[in-house]
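A.B. asks: Using the hints provided, position chain B relative to the given structure of chain A.
Below, each chain spelled out in residue letters.
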Amino acid sequence: MSILIIDYGMGNLASVRRAFEECGADVFISDDPADIKEAERLVLPGVGAFYDAMALLRKKGWVDAIRRAVLEEGIPILGICLGMQLMAESGVEGGESEGLGLVPGRVIRLESKDSERIPHVGWNEVHFQQKHLLFDAISDGADFYFVHSFHFVPSKPEHVLAITPYCGGFVSVVGKGSAVGVQFHPEKSSKAGFVIIKNFLRYKPC
Amino acid sequence: MLKARIIPTLLWKGTGLVKGVAFDSWRRVGTVLPAIKVYTLREVDELVILDITAMDDGKDPDYDMISDWAQECFVPVTIGGGVRNLEQIKRLLRCGADKVAINSAAYEYPELISEAAFKFGSQCVVASIDARRTLDGGYECYSHSGKKPAGKKPCTWAKRCEELGAGEILITSIEQDGTMKGYDLELISEVASAVAIPVIASGGAGNPAHMLDALRHGASAVAAASIFHFTEQTPAEVKAFLGQHGVAVRRIIR
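Order-wise, the sequence lines are chains A and B. Numbered according to our numbering, the first sequence spans residues 1 to 206. Numbered according to our numbering, the second sequence spans residues 1001 to 1254.
Pulled out of the complex, with its shape left as it was, chain A reads as follows:
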């Protein structure tokens, strides 16, 4: 099975590729949206600011290609960190910007509730809100590695797959149809992260 890691000029692609390889995936990195037709699954990584990332995705022609593949053909996509945020309808980091619109909601800055330090950096718990194949063989409340200052606010509760206790609790996993997104870095979350990746490799939306 071919997994396409979307290269739009931002993100720690090498680590993501290595982690997927370690999980047994046949993975390739491409900066050409035409390669989507070769892919059975997509991974959207990302480090950086929402506005810049969307500008690059648009410039390289990824936006329509991703939307068509995910929304019309039902190709599974995993968004990681900023990649998860880009699945929203809009974001404000680096200036107001439209997102990919794969999961309804918007991305806003984390607000400290109880003098929490921001960015949210480190290992924190992921509490499942729904049963989902992505969480197979993972204990509820397991720790994953986060590093971010913004968070995804889904418009509908049914798209909230997990929450993490920080700044009053934020949504750490979203999902709608074939689109799933994780705010943490599975590729940097040791063994628990690998389980998430392996689960995504066999994820089929119903």
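Warning: the hint list may mix true and false statements.
Said to hold, decoys possible - Simulated pairs of lysine-lysine, BS3-like, Cα-Cα distance not exceeding 25 Å:
id: 1; chain 1: B; residue 1: Lys1037; chain 2: A; residue 2: Lys198
id: 2; chain 1: A; residue 1: Lys191; chain 2: B; residue 2: Lys1037
id: 3; chain 1: B; residue 1: Lys1090; chain 2: A; residue 2: Lys59
Worth flagging that the hints you see were computed from the coordinates, not collected in a lab.
C.D. replies: Leaving out everything else, chain B in the frame of chain A:
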């Protein structure tokens, strides 16, 4: 709950891994790649890898080598040493660094922090500050691996780095470094209260109790090298100790 992070620091010089005392008397303690493999296998919380000669040499980072390291590292890794422009940061992130530590260059060109934060996000910009005590009992920042006084106070400089967009502060006490006598708690406390971003305490850890002290003085994470190079103690044992003393640490669920 967010967990306190225990971060082994790997200092790299020329061809090998080293550890010194007070930024001097460097001892060779092995090679980097096997150390990364062991720490990844042990599922440590995070790693910091710093090239301590890069700023003097004025060379570019060795991207191929860093890429080899990052490929073996399935925990977050911060790379630093000699970072002086955006192109280097971009390439380091592409090699697999999760965060990049900026130290000396920021004193001459503070906008490096704001430009990097704007382009790559605050989350990957670690402002690394080395400080020494002054005769009047305060502290002063030093650049170039502790060689050049920077004419700034760590707490005001840390605050400035935060305003510029740094996502974390790595504060190292030059005098305490490598002594294993404990962190400079006053320094940690000053810096941690000056900023709202996470602070990583560095320099002086010799036992788990020292780490507990640093966390109680406001650090979000503790970095250490000698304790792991020169003693039998492992990051897992440190976490067990911290856990017994009421600190939330990441447990590895089997």
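A.B. asks: Compare the structure with each hint and give your call.
C.D. replies: Hint by hint, here is what the structure shows:
{"no.": "1", "hint": "Lys1037/B / Lys198/A", "in the structure": "holds, 22 Å"}
{"no.": "2", "hint": "Lys191/A / Lys1037/B", "in the structure": "holds, 14 Å"}
{"no.": "3", "hint": "Lys1090/B / Lys59/A", "in the structure": "holds, 19 Å"}
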